[in-house]
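Asks: Going down the list, the sequences are from chains A and B. Residue numbering for the first sequence follows the numbering used here, starting at 1 and increasing by one per position. Residue numbering for the second sequence follows the numbering used here, starting at 1 and increasing by one per position.
You may find that some hints are simply not true.
[Unchecked claim] Simulated coverage check for chain A against chain B, where a stretch passes if three residues somewhere in it have a Cβ under 8 Å from a Cβ of chain B:
#1 99-109
#2 215-222
#3 291-298
#4 391-401
Since the hints were derived computationally from the structure, they do not count as laboratory data. Because the structure is a prediction, the values reported are computed rather than measured. Glycine included, C-beta positions come from ideal geometry on N, C-alpha and C.
There are 2 protein chains.
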Amino acid sequence: MTRIPTALDAARRIADGSLTCEALARACLDRIAEREPAVQAWQHLDPDRVLEAARLNDRSASGPLKGLPVGVKDLIDTGDMPTTYGSAIYANHRPARDAACVALARRAGALILGKTVTTEFAYFQPGKTRNPHDPGRTPGGSSSGSAAAVADGMVPLAFATQTAGSVVRPASFCGVAGYKPSFGLIDRTGVRPFADSLDTVGVLAATVEDAAFFASVLTGRPNLRVADEAVRPRIGLCRTHEWHAATPAAQTVIEEAARRLRAAGFDLREVALPEGWRGLFEAQKTVMAYECARTFAPETQANPDRLGARLRDLIETGWAVAPEAYDDAKSLAAEARSGFADVLGDLDVLLTPSAPGEAPEGLDATGDPVFSRVWTLLGAPSVNVPGLTGPSGQPVGVQAVGRPGDDRRVLVASAAVARALAGA
Amino acid sequence: MTRIPTALDAARRIADGSLTCEALARACLDRIAEREPAVQAWQHLDPDRVLEAARLNDRSASGPLKGLPVGVKDLIDTGDMPTTYGSAIYANHRPARDAACVALARRAGALILGKTVTTEFAYFQPGKTRNPHDPGRTPGGSSSGSAAAVADGMVPLAFATQTAGSVVRPASFCGVAGYKPSFGLIDRTGVRPFADSLDTVGVLAATVEDAAFFASVLTGRPNLRVADEAVRPRIGLCRTHEWHAATPAAQTVIEEAARRLRAAGFDLREVALPEGWRGLFEAQKTVMAYECARTFAPETQANPDRLGARLRDLIETGWAVAPEAYDDAKSLAAEARSGFADVLGDLDVLLTPSAPGEAPEGLDATGDPVFSRVWTLLGAPSVNVPGLTGPSGQPVGVQAVGRPGDDRRVLVASAAVARALAGA
Chain A
1 MTRIPTALDA ARRIADGSLT CEALARACLD RIAEREPAVQ AWQHLDPDRV LEAARLNDRS
61 ASGPLKGLPV GVKDLIDTGD MPTTYGSAIY ANHRPARDAA CVALARRAGA LILGKTVTTE
121 FAYFQPGKTR NPHDPGRTPG GSSSGSAAAV ADGMVPLAFA TQTAGSVVRP ASFCGVAGYK
181 PSFGLIDRTG VRPFADSLDT VGVLAATVED AAFFASVLTG RPNLRVADEA VRPRIGLCRT
241 HEWHAATPAA QTVIEEAARR LRAAGFDLRE VALPEGWRGL FEAQKTVMAY ECARTFAPET
301 QANPDRLGAR LRDLIETGWA VAPEAYDDAK SLAAEARSGF ADVLGDLDVL LTPSAPGEAP
361 EGLDATGDPV FSRVWTLLGA PSVNVPGLTG PSGQPVGVQA VGRPGDDRRV LVASAAVARA
421 LAGA
Chain B
1 MTRIPTALDA ARRIADGSLT CEALARACLD RIAEREPAVQ AWQHLDPDRV LEAARLNDRS
61 ASGPLKGLPV GVKDLIDTGD MPTTYGSAIY ANHRPARDAA CVALARRAGA LILGKTVTTE
121 FAYFQPGKTR NPHDPGRTPG GSSSGSAAAV ADGMVPLAFA TQTAGSVVRP ASFCGVAGYK
181 PSFGLIDRTG VRPFADSLDT VGVLAATVED AAFFASVLTG RPNLRVADEA VRPRIGLCRT
241 HEWHAATPAA QTVIEEAARR LRAAGFDLRE VALPEGWRGL FEAQKTVMAY ECARTFAPET
301 QANPDRLGAR LRDLIETGWA VAPEAYDDAK SLAAEARSGF ADVLGDLDVL LTPSAPGEAP
361 EGLDATGDPV FSRVWTLLGA PSVNVPGLTG PSGQPVGVQA VGRPGDDRRV LVASAAVARA
421 LAGA
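Build the full structure now, drawing on both the sequences and the hints.
Replies: Take a look at the structure:
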């Protein structure tokens with residue numbers, strides 16, 4: 001098989017006429033035809049309509065994403081494709097419109113390839129997708145299909161969302177770049193809500209540069225685009241208060257990453273998070289459960305029996321949270337957010353595990369978002385940087401995290417880390 | 001006509017069996033039948049289905065809102081009624097589900113009476129509704145129908161939303177209590193977005209106590225319920241940086257309110273807002289335009305010609321805002337939010353105008369949200385306290401504002417202010 005080009009390569013070649021949108025779409029569809037039976041990344045895909053749209057793009061699209069195929073997590077509305085939110089309740093749902101992020105991608109010329117599998121409402125009940133590196137392992141969740149499709153070379157770019165760890169974890173398990181922006185950076189209109197103060201739209205791509213490019217276009221922020229900046233970011237090696245959850249594989253990978261970064265001449269220091277931050281992990285769970293219970297009030301009333309058991313449990317947990325406990329959790333988060341700059345000091349980013357280790361074996365669970373919950377609660381930009389592998393040869397990413405609003409710095413640092421890990 | 005009871009009265013009487021849900025619904029429908037031709041508050045109302053639902057409530061509903069009729073702003077999804085968002089684009093839209101706030105109301109036994117008129121997507125293009133106190137004047141917007149229906153005694157409770165001033169302004173113009181909670185207090189799932197970091201669900205009722213009761217049930221926060229607390233809140237009389245926009249009518253009303261509150265023995269002090277807050281007004285406009293442009297990307301692409309001229313203008317303005325200007329506006333807001341407690345000091349609430357004066361004459365505009373923009377940006381709870389009138393005999397409210405998260409204090413203070421204004 002011919003590998004599909006990176007998004008940046010494809011954009012250059014489409015712009016200079018050496019690649020057509022149709023040929024790129026065909027390359028994606030060929031790869032999908034070959035691999036989808038094993039990977040099962042797609043919830044909805046109509047090859048004929050894709051090719052028709054690609055030819056239309058060749059004739060009339062313009063914009064920096066012209067003809068670039070994008071996979072859309074099926075938690076995100078599309079006006080011309082079904083949208084199930086991974087739920088039996090919405091099996092036949094057809095939204096009236098695109099979500100804003102999808103419209104912004106189309107506005108820039110992108111080709112919406114199809115819908116990728118999500119877990120049920122982006123919670124823990126897995127869909128059908130398998131890890132392309134090992135079909136017996138989970139791709140992670142909830143952006144399972146987007147991560148698997150990008151990892152398998154089926155599509156150069158994909159949308160994902162994160163409420164706990166649904167961008168960074170599947171990116172780590174599948175070995176792709178995953179960028180969860182600062183809270184609110186990409187508009188959420190038309191994205192199925194789960195927990196209003198946590199839900200964040202993110203992107204997945206083969207490389208950090210591609211993810212940054214995609215996000216820079218979507219947000220109209222050219223400075224998010226990352227070139228080959230010759231920077232050596234100041235990095236805080238941060239074991240976090242959840243280090244106990246890191247398997248030996250994840251611990252070894254972080255040590256290996258530190259070794260390679262030091263060898264490349266990076267300034268790397270150990271950073272301990274404040275004791276007062278120890279409660280943030282539980283605070284995220286409290287906020288998520290409380291908000292989820294209210295968000296799902298309509299489905300709980302109309303179709304309680306068609307909600308998965310894990311989600312029903314969380315809803316029940318959420319109703320049991322006292323409003324005062326919720327308020328305390330939000331206050332703790334607000335305090336930590338405003339103290340974030342002090343914790344980093346003169347460091348550019350923190351480097352932490354992305355996930356507890358390699359993708360777990362089995363398809364009945366999607367792994368643990370333990371290393372992302374806190375950063376999502378704080379609205380901090382974070383990136384899964386791929387490049388290393390664990391003892392079983394499976395991908396294991398490391399996570400770069402920065403101050404809320406400091407997305408450019410995190411992307412630049414992540415790209416530099418990726419190059420250093422690759423020995424470039 | 002027999003006036004419908006307040007929500008609290010009706011709840012008591014339904015609980016003790018002296019009023020049936022059906023009789024209450026009939027009283028609302030009778031009033032609507034009589035007055036709707038003049039007021040035009042309703043976008044959708046099906047009396048037969050309402051009575052059927054009321055009888056069902058009598059038989060099987062339980063909960064603190066049992067049988068209480070609620071008007072739902074037509075910006076908010078209902079699974080059993082059309083939902084137009086006040087837009088030609090969505091004229092035939094039927095959502096699959098209720099919004100979360102509607103489901104929460106039903107869960108507590110409420111009777112969803114019908115959909116009330118909103119301006120186009122809750123922006124400035126008016127609907128058909130007239131001010132019940134003077135059919136030649138606007139009811140205000142964007143929660144036009146909800147405010148008019150409550151003011152006219154058609155329904156005891158209604159949902160509203162606020163992005164700039166759409167709860168407080170129509171409440172002031174129509175002479176009802178309007179409560180815009182702290183940002184995020186009532187779940188927004190299923191409410192048509194306009195600007196993600198501003199949109200807030202609020203409530204309207206005849207009295208502050210009714211509004212507080214409704215919100216306390218919706219949020220599961222019993223402490224928001226306001227009884228006849230014998231408190232004399234410490235009040236900061238605050239002319240704000242937008243005082244120049246207050247007409248003589250509004251200025252006189254604030255002075256009259258201050259006179260009555262002092263006469264009732266309240267501690268009232270003049271408070272000047274920090275100079276650094278002067279930019280917050282423009283910051284709100286910047287954030288609203290920027291986010292609106294992105295939120296409406298789908299409609300802008302699919303149906304630009306079916307968007308009203310004022311909204312198209314705002315979208316264009318939003319695209320012209322540089323991301324750095326947006327970031328600066330958000331930073332200024334975050335700074336002011338964290339300094340809010342210091343500005344209030346030992347005061348319980350600020351008292352400011354709700355709107356520039358009486359409802360303007362004419363129906364081609366809905367008035368100016370000038371006195372609400374800043375509080376919405378800061379996510380601060382605010383209440384329109386009705387009770388006074390202007391030189392033309394039209395209602396003019398005053399606005400109580402408190403610290404973000406301090407909703408109980410604002411509601412208790414607002415109820416006390418209302419009693420003092422009424423000379424009680």
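Asks: The structure should be examined with respect to each hint, and the outcome stated for every one.
Replies: Status of each hint after checking the structure:
1. Given as covered by chain B, the region 99-109 of chain A passes the check, having 7 residues with a CB less than 8 Å from a CB of that chain where 3 are the minimum.
2. Chain B is given as covering the region 215-222 of chain A, and this holds because 3 residues of the stretch bring a CB closer than 8 Å to a CB of that chain, at least three being needed.
3. For a cut-off of 8 Å, the count of residues in the region 291-298 of chain A with a CB near a CB of chain B stands at 6, and the three-residue condition holds.
4. Counting residues of the region 391-401 of chain A whose C-beta lies closer than 8 Å to any C-beta of chain B gives 0; at least three are required, and the coverage claim is violated.
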